[in-house]
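Peer 1: All chains should be built: construct the whole structure from the sequences, respecting the hints.
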Amino acid sequence: MTFHDLALTAPLQRAVEAIGYDTPTPIQQQAIPAVLAGRDLLGCAQTGTGKTAAFALPLIQLLDSSPAPRGRRPVRALILTPTRELAIQIDTCCRDYARFTRIRHTVIFGGVSQRPQVEALQQGVDLLVATPGRLLDLLGQGCLTLDAVRHFVLDEADRMLDMGFIHDIKRLLPLLPRQKQTLLFSATMPADIAALAEQLLHDPVHVTVTPPASVVETIRQEVYFVEKPDKSALLAELLRRAPERSTLVFARTKHGADRIARTLTRSGIPARAIHGDKSQGARQKALGDFKSGELHVLIATDIAARGIDISELPLVVNYDLPEVPETYVHRIGRTGRAGCEGCAFSFCSEEQRPLLRDIERTIGRAIPHAAPLAGFEPTVEPAPAPEPYQPAPAKGPAAKGSTAKAAGAAPAKAAAKGQTVSAKAAAGGDRPVPAASARRAEHPTAAAPRPSDAQQQSGTRSDARRSRRRRTGTHAAPAATGPSAHAAHPVHPAAKSQYAATSPRPARQERQERQERHVHPEHQERPCAERPARHRSHRRPAKR
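Throughout the sequence shown, residue numbering follows the working numbering, covering 11 to 554 in sequence.
Some clues are possibly wrong.
[What the hints assert, rightly or not] When the alpha-carbon atoms are kept at most 25 Å apart in a straight line, the in silico SDA-like pairs for lysine to any residue are as follows:
(1) K241 with I279
(2) K288 with G303
(3) K264 with G343
(4) K238 with T273
Hint data in this document are derived by calculation from the structure and do not stem from the laboratory. Since the structure is predicted, the reported quantities are computational estimates derived from the model, not experimental observations.
Peer 2: So this is what it looks like as structure tokens:
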């Protein structure tokens with residue numbers, strides 16, 4: 011199939027030939043006829059499959075074939091994208107496709123002055139490419155309206171949700187006409203995207219050129235297991251082995267992207283970082299140098315890399331594994347585009363192994379392990395298994411309802427346990443007994459677990475009862491805290507009264523009695539007639 015078979019008009023055929031397109035991609039073969047027929051469309055395709063032309067070419071033909079209203083041209087087609095770079099990329103493609111037509115187009119995005127964008131809108135625009143934030147700002151200022159929109163495209167819908175633009179989309183929907191054609195494209199198809207598609211689309215045509223969350227077969231994937239502090243050195247070593255190869259490195263945070271760029275530059279490898287905190291001019295300059303080949307290493311965050319469209323990008327490096335498995339598909343989709351071969355290397359530290367398992371489960375395959383380079387072998391070993399828990403007698407006051415028989419059985423059990431440990435040590439010859447086991451055998455209460463809140467509260471009530479018994483002289487012997495205390499140190503009956511007489515009183519009771527003994531006469535309760543009159547000096551001054 012060729013583009014002549016897709017019923018494109020002569021101006022679009024000339025533009026396609028001038029660009030160098032020969033054979034339409036699978037998504038273009040399925041989407042272009044459906045869009046020309048006016049149907050809603052739900053497209054699931056990865057980056058680099060030609061989906062921009064799949065919706066831009068038919069939209070331009072529909073706009074060019076319908077007469078434009080008189081006066082200032084209103085916006086008749088709206089393409090919404092998540093990032094500035096992607097918006098610029100789509101607008102550039104629309105310029106190439108519409109070069110032989112009368113269609114006017116422009117792009118608006120944040121981070122730059124809005125004056126040129128407002129001036130372009132005032133001259134009249136047929137097709138508008140926008141990011142949600144700047145579009146809402148200009149709508150609030152009254153610079154444009156969306157009443158005449160007949161075609162609405164939501165590109166990279168999954169990234170829209172990941173970046174939190176779902177609320178902006180819900181604010182835009184009431185501003186759009188009910189009668190319109192809606193096209194939704196996404197590289198992955200999670201449940202949130204399916205729910206959004208059900209809300210936006212009416213009897214859509216489903217176009218799926220690759221399974222959701224799958225990767226292109228032309229991408230060679232490998233994972234390097236490396237310690238976290240050694241990632242920068244490993245990256246520098248890989249880049250030195252192919253110095254002329256353009257490499258896109260993904261970092262998880264903006265600070266991390268700047269740090270990686272500084273480290274590589276100090277190592278003699280020129281590198282620059284792009285992220286949301288960079289100015290739009292700096293980002294455009296870095297992207298331009300990277301596309302032209304003047305810069306071979308570019309460090310980017312997930313959001314900033316959405317507009318990078320290089321047909322022959324040979325290498326993508328995941329310096330940090332993404333926490334969302336679908337993001338991995340977006341990252342490595344920067345390479346291996348349009349049937350070209352590419353490589354995707356990922357660095358995985360010990361704490362990131364769960365993320366690697368989630369990614370492999372999402373893409374439905376295991377990522378091959380790369381042979382470790384000399385000097386970068388992982389040294390992290392699995393942590394030893396903890397010793398099995400062995401319960402020990404509870405520590406503290408005796409539980410309620412305990413008897414002397416149970417108390418006397420504790421030392422017997424401890425002695426039997428000590429004999430068992432000694433017998434095992436003797437049977438084992440020179441094999442040493444673990445220190446923890448020896449301590450538990452000698453002092454069963456040393457390894458006792460921390461009592462729960464209920465046990466602590468019960469112990470507090472027991473202490474209060476013993477204090478009252480000591481004051482009245484009818485208390486019992488204090489509970490022993492160790493197994494040897496019951497047998498070796500019994501409380502003599504003659505010492506009970508002396509122990510009760512010398513036992514301290516609770517501090518709260520002593521403080522209360524002391525306050526009752528030293529109450530000032532003026533503070534004691536008395537009838538109202540006997541209360542002294544207030545002194546003149548205590549009265550409030552009269553208002554003047």
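Peer 1: A separate judgement is required for each hint: does it hold in the structure or not?
Peer 2: How the hints compare with the structure:
1. K241 with I279: 15 Å, holds
2. K288 with G303: Distance of about 21 Å is within 25 Å: holds.
3. K264 with G343: 21 Å, holds
4. K238 with T273: This hinted pair holds, its Cα atoms lying about 14 Å apart.
When the structure is compared with the earlier hints, no violation turns up for any of them.
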